[in-house]
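Respectively, the protein sequence lines represent chains A and B.
With the numbering used here, letter number 228 in the first sequence gets 228, and the count goes up by one each step, no holes.
With the numbering used here, letter number 33 in the second sequence gets 33, and the count goes up by one each step, no holes.
FYI, nobody ran anything at the bench for these hints, they're computed from the structure.
Don't take each hint at face value.
As the list claims (entries may be wrong) - Derived list of chain A stretches under chain B, where covered just means 3 residues or more per stretch with a C-beta under 8 Å from a C-beta of chain B:
no.	stretch
1	27–38
2	148–156
3	285–298
To be verified - Partial list, derived from the structure: chain B residues whose beta carbon lies under 7 Å from chain A:
no.	residue
4	T119
5	I120
6	F123
7	L128
8	M216
9	I237
10	G248
11	I251
12	L252
All values derive from a computational prediction rather than experimental measurement.
Quick reminder that beta carbons are idealized off the backbone N, C-alpha and C, glycines included.
Here is what each chain is made of, one letter per residue.
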Amino acid sequence: MRTARLVLTRLAGIVFAILVIAVINFCLVRAAPGDPAMVIAGQSGSTDEKFLAQVRADYGLDQPYAVQLGTYLKKIVTLDLGYSFRQGRPVSDLILERLGPTLLLTLSAFFISLIGGVVFGALAGLRHGKITDLGISLAALVLYATPVFWLGLMLVLLFSIKLEWLPAFGYADMRAKTFGTVGYALDVLKHLILPALTLAAIYMAAYTRLMRAALIEVAAEDHVKTARAKGLSESAILRGHMLRNASLPVITFAGLQIGALVGGAVVVETVFSWPGLGRLTFDAVTARDYPVLLGLFLVMSILVIAVNLLTDLIHRLVDPRLAVR
Amino acid sequence: MNKTLKTFLSRPAGVVGLTLLAVVCLMAALAPVIYPGSPWDMAGAPFMRPGQNHMLMGSDTMGRDIASGVMHGARVSLLIGIASTLAAVLIGVTLGAIAGFSGPMVDLLIVRATEVFQTIPNFVLAILLVAILTPSIWTVILAIGIVSWPPLARLTRAQVKSVAQREFVQAARCQGQSSMSVLLRHVLPNAISPIIVTASMTVATAILIEAALSFMGLGDPNFMSWGYMVGAGRTVIRQAWWMSVFPGFAILITVVAINLVGEALNDALNPRISRA
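Sequences are here, hints too, so could you generate the full structure?
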């Protein structure tokens, strides 16, 4: 009964979120200077009157706003995200073929930042006040303030141009298809390292700071003193009594940061020419391809909501109190 | 207030942050004095290395002086950072105060809306807003304000809720003061200090969002900004590292400075929350 209610409220929350996002899109198109049909059509330089007329009829732009909103919502439910006049293809097709690389990039960055943040934060927290702590805290402070795109460029400058260790851009070598499955995967992995590290670094810095503070707080708690009094080894105390408690706020925070992570992916993919949704966003911005931008915002938001469910699951695994509830 | 200032200045974070911030402000103030011309004008041959031709940081692909751009860019970054934070504070504090001070229905609605705004990828929304409303300094400020308010709203709501329980607020109510007057004269002034701290940190994220927007080519085309300079230097980074290194470094310094000031402010204004 309780689980059913939980699932229902979660589902209602998701529907509400998607509704809000759709309404934002709807209002934006109407708030734009000029004819909404031009925005939906992608404001192609040489306006095609026939296409514009078709868009007007399709979206019922001569109807009252309430009816227009209904038409728009119906389109979203049937996964019709409009048509990119510039690319000559439906927006949903464009987005679907770019989804894989973005998922690969954001999920890698998510796990790298979470694991790295917990490890470095715990290290700094344990060595509280010592030189290790100072070094890690300082690095976190600086990384946290670094613009993502600039960090990416600096890593390219160092690892691709000066040292020539890793490729500077792209998803795979042009000849990669001939390398065989394993060779192809390794090649993609090699291309993934720099963008994933770039995207992970800033969030890793944030999680490190959080984890450090949480660990220092947990270390002062009574149950840790009890564990020490009963003669447990320091590593057993850390593993059994401190790490889980301290990492909970970090995981909660990381879940909240998913949206920012996807936003960061836009910039990182632009820097590294990574063929995902972010690069598609950049191209759509440059070409002022509005239907693609509107569709991207919707899909990325849904993606974030989906990953939020995933972090919720991780949270339940780490915190048994939640699993019982 | 005197004690607050003392705590602030006793923190190394506060002193270092304030010094760095002063340097950035000085750059913004002196830009038109040291480099009176427009930073968009050609100042010499393109692709000059730093130090060549009396150009401290070299020139870009169009022969514009990078040092002039970095100085003038400070103005845009600070202006947009502060203005969009003010917009975010206006939206966030208003919504948060209403949510915390009114009935459960309004509260629930605002809380849910805030949650949605906090989950959606806010940078993508900012891109969408600026692209559709056409890039200008105003749309950039508006867009950053619209994506930055949720943390402020949540904080204000929590603060207002806790202060509203206190006895002096009940006393004010018993005196028959209107809700509006209780909220504005008694609740908000006592809830403000953590909001100030969060707002100061918001300036830093706002500057980062502005930089990323202009990096994507969505800056105001009339103002030279650091993000634009890094974006313009990106394609030629193999030949000319200096075009992207210096403006990016300027962003880094500014954001570090503001974060340090924010941390010291936190220590000074929220002494009860002891920090390890």
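Results of checking the hints against the structure:
no.: 1; hint: 27–38; verdict: holds (count 5)
no.: 2; hint: 148–156; verdict: holds (count 6)
no.: 3; hint: 285–298; verdict: holds (count 8)
no.: 4; hint: T119; verdict: holds (5 Å)
no.: 5; hint: I120; verdict: holds (5 Å)
no.: 6; hint: F123; verdict: holds (3 Å)
no.: 7; hint: L128; verdict: holds (5 Å)
no.: 8; hint: M216; verdict: holds (6 Å)
no.: 9; hint: I237; verdict: holds (6 Å)
no.: 10; hint: G248; verdict: holds (3 Å)
no.: 11; hint: I251; verdict: holds (5 Å)
no.: 12; hint: L252; verdict: holds (5 Å)
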